[in-house]
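Starting from the structure of chain A, add chain B where the hints point.
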Amino acid sequence: MKKIIYIFLSVLLLTACEKENYPLGEVDENVDYFSKRTVKPQSEWNELDYLCDSIQKAFGVEIIYEYTPRIIAGTTFFMPPQYDKALPYTKVMLNKIWLKPLKEEFPEFFAGETPIEFILAGGFIHFNNPTATATAAGAGLNGQFYRLGMGGVNNFSTSKNWLYGHIVTLYHEHAHQIDHKYGRGFVFDRISQGKYYGLAGYSSRTEAQAQRDGFWRAYGGYAPEEDFATGVEHMVRYPEATIKQILATSASLDLADKYKMVHQMYLDMGVDLHQLHNVVDSVVYQVNY
Amino acid sequence: MRKILYHLFFFVGSIVLLASCEKDNITNAYFEDNTERQEKVAKEAKEMLASAENGWVMMVKTGLNSDVYTPIVLKFDTVTNRLYVKTVYGETADTESYFRITTGTGAPQLIFTTGSIMSSLYRVGAQASDITDHIYNIVGVSSDTVAIQCYRSGNVYAKEGGVIYKMFKRPVDWKWADGENYFDFNASGFGTNVLGTASRVQLEYVNSPEKNRTIASGFSAVAAANLSTMRNGFAFQISRNIGTGGFAPTNYVFFRFPYLTTNYDGAPIFANNALSFLPQPAGYTNNVTYMTYFINTFNFHYLVCKSVVRTGNNVKMEFEAYDKAGKVIVKATYDNLL
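As they're listed, the protein sequences go chains A and B.
Just so you know, the first sequence maps onto residues 1 to 289 in my numbering.
Just so you know, the second sequence maps onto residues 1 to 338 in my numbering.
Okay, chain A solo, but in the shape it has when bound (with noise of 0.2 Å):
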């Protein structure tokens, strides 16, 4: 007896809750719901969007420099950035210095590592307060697996000084990325285990210090997150030459064995970073844009 109104209590709970799928209609097969830009008719396209076109056809990046709430959220101040910076930033830092380097050098690090969204803004990123004059982080987009952005837009200028100052630290804020997607791991963290600076202490490191100390830059020290982040920018900044002298000069074997591991999880994903600065030198340096 027991046996049957389990049985049909079994079948009634799994019937009887069954609802209607789609409360509010039909899903329409051909709005892209997952799109965080508003479709814009071809129509309306200005130079830009012609571009960013490309750009997504040639190498799967969705370039936005248009804001709307899809794109920023609410607790988050940026600026959009200025029509007439974004035109050449976009043809000249994210084409040609960025992607197509990256696609004819690299393609296995390129196609398995490139974020399929890219946010151009104008200003840097402004914590609490848009209007808050403090700027802190250069791209501050970067803890998103599919997404990375760069603030200065606004600054763009060909300049070589401008134009290596900021791949650089687009491989920087990229080096977040990939430091959220896969994890810097166990033991990178525990190399300087309590020997990070913090916050109120890495201001007032010399290089040289935070280098002796395992640290690629002062800021590197600052916490784990930028210990990685530094060690890639510094590999893509300076020649092989020039890290191999760091390790050196300051003898830190700290220092070294987050080289190795760091140079290794690249090599592991498709691109020696020492190469990787060979080419973004020769695309700021020797072409003229």
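Treat the hints with caution; some may be incorrect.
Here are the simulated distance ranges between beta carbons [claimed, not checked]:
#1 A/Lys-40 / B/Asp-178: 45 to 55 Å
#2 A/Glu-47 / B/Lys-211: 45 to 55 Å
#3 A/Lys-100 / B/Ala-158: 35 to 45 Å
#4 B/Thr-197 / A/Glu-47: 44 to 54 Å
#5 A/Lys-160 / B/Tyr-157: 39 to 49 Å
#6 B/Glu-160 / A/Asp-272: 43 to 53 Å
#7 B/Thr-80 / A/Lys-160: 31 to 41 Å
Calculated directly from the structure, the hints in this document are not laboratory data.
No residue lacks a Cβ here, since even glycine has one placed at the ideal position from N, Cα and C.
Structure of chain B alone, referenced to chain A:
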């Protein structure tokens, strides 16, 4: 007894389980019956924005003055999504800026999607305007107004929804906002009988005539050598504040006014047929000290030029400033003959 209790418990439990499956009474009838509602409002808004030939006016309150509001004239090209902004703080840069009308989050929104004077005002903050976002909810559309409200109201913990602006169609007699610059010290011949000429300015306060007064005044030229220092102080330029932009390099003219027991040559910006006394954070004689004194004493932070009339050596210029509704609240008449 235990067995009975057990059965009872089991029985009650089953009923609760079954009852919990009952569907609730929330329906989506409203949305089902009004599927096009948001699109309809957005479409109406778009048609309205396009309909004003001379554009729309937003009157924004500043942190400087509670009576005189700053006019912002917006023109919307709904075919290309191009936005054209004119205000009194400086000449608009010759760069493209864009807007969108979207229904992306449910409610129709007017969004200034790229960097422009509108995002610069948002970035710079309370002194220049009470704008707190570059994203606006469209809260009402009628035959002669479009009401928009800032999506956010300030910092991260501030409530949702900022100031509501009732935009009205630009009055036809606001010639200053048309393309032609007739009040322009850079134009050849404009300074004749004006620059370096001791003059008087008669101030008329529409709502409080007891404040009316005439001051010893006069314009004089700013040397080109001083220009870069003064421009460096402009709050809306990218090199001072990277999130800004949208203004062309600024131009200044000395404007004499009574200051404490003497006279002083402050340096307002002249642009778009207007003088802007907005204090600059740093720079020159237009810095916070002098301009704040000026604004507190005379109760306006800009003057738009209505007309310039030359009769022989005599030059008369009429200026005005507006209140919340765009009505004239301050009149100033310049006369170069003492």
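Distance restraint evaluation - A/Glu-47, B/Lys-211, Cβ atoms, bounds 45 to 55 Å: 52 Å, holds
Distance restraint hint 43 to 53 Å, applied to the beta-carbon atoms of B/Glu-160 and A/Asp-272: Holds, since B/Glu-160 and A/Asp-272 (Cβ atoms, about 49 Å apart) stay within the stated range.
Using the Cβ atoms, figure out if A/Lys-40 sits within 45 to 55 Å of B/Asp-178. 30 Å, violated
A/Lys-160 and B/Thr-80 - C-beta distance against the hinted 31 to 41 Å: 35 Å, holds
Using the Cβ atoms, figure out if B/Thr-197 sits within 44 to 54 Å of A/Glu-47. Since the Cβ atoms of B/Thr-197 and A/Glu-47 sit about 48 Å apart, the hinted range of 44 to 54 Å holds.
A/Lys-160 and B/Tyr-157, beta-carbon distance inside 39 to 49 Å? 43 Å, holds
Should the hint that A/Lys-100 and B/Ala-158 are 35 to 45 Å apart at their CB atoms be regarded as holding? 43 Å, holds
Checked against the numbered hints above, the structure breaks only hint 1 and satisfies the rest.
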